[in-house]
Amino acid sequence: MGKHQSVNIRQISRNRAEQVGYYRFLENENVKVSELVQSLSEHCQEQVKGRHILAVSDSSEINWQAKTRRIRGGR
Numbered sequence: 041m042g043k044h045q046s047v048n049i050r051q052i053s054r055n056r057a058e059q060v061g062y063y064r065f066l067e068n069e070n071v072k073v074s075e076l077v078q079s080l081s082e083h084c085q086e087q088v089k090g091r092h093i094l095a096v097s098d099s100s101e102i103n104w105q106a107k108t109r110r111i112r113g114g115r
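To convert, count from 1 in the sequence shown and add 40; that's my numbering.
These are calculated hints, taken from the structure and not from any lab test.
Just to be clear, a hint being listed does not mean it is correct.
Unchecked claim - FRET-style restraints, in silico, Cβ to Cβ:
1. Gln59 to Leu94: 31 to 37 Å
2. Leu66 to Gln105: 23 to 29 Å
3. Asn48 to Ser74: 32 to 38 Å
Source: prediction; values computed, not measured.
The beta-carbon is built from N, C-alpha and C at its ideal position, and this holds for glycine as well.
Sequences are here, hints too, so could you generate the full structure?
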């Protein structure tokens, strides 16, 4: 939900009603992304307090757009 990140609502929903609820929540004008990020950050900090944490990051990407000709059998 931040820059360069996304969430698939269908994948995290158990059913259609939950999916609709997520969309209504996120479309609510009173819901601010900055507040969601702040809340999640605070919760994460509480969960890892006093622990050794290994954070692994993978920034690799696959650019399918550049490979469409090869995928379709073109040259």
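Checked hints:
1. Gln59 to Leu94: 31 to 37 Å: Holds, at about 34 Å.
2. Leu66 to Gln105: 23 to 29 Å: 27 Å, holds
3. Asn48 to Ser74: 32 to 38 Å: At roughly 22 Å between Cβ atoms, Ser74 and Asn48 fall outside 32 to 38 Å, so the hint is violated.
Hint check: a violation occurs at hint 3 only; the rest are consistent with the structure.
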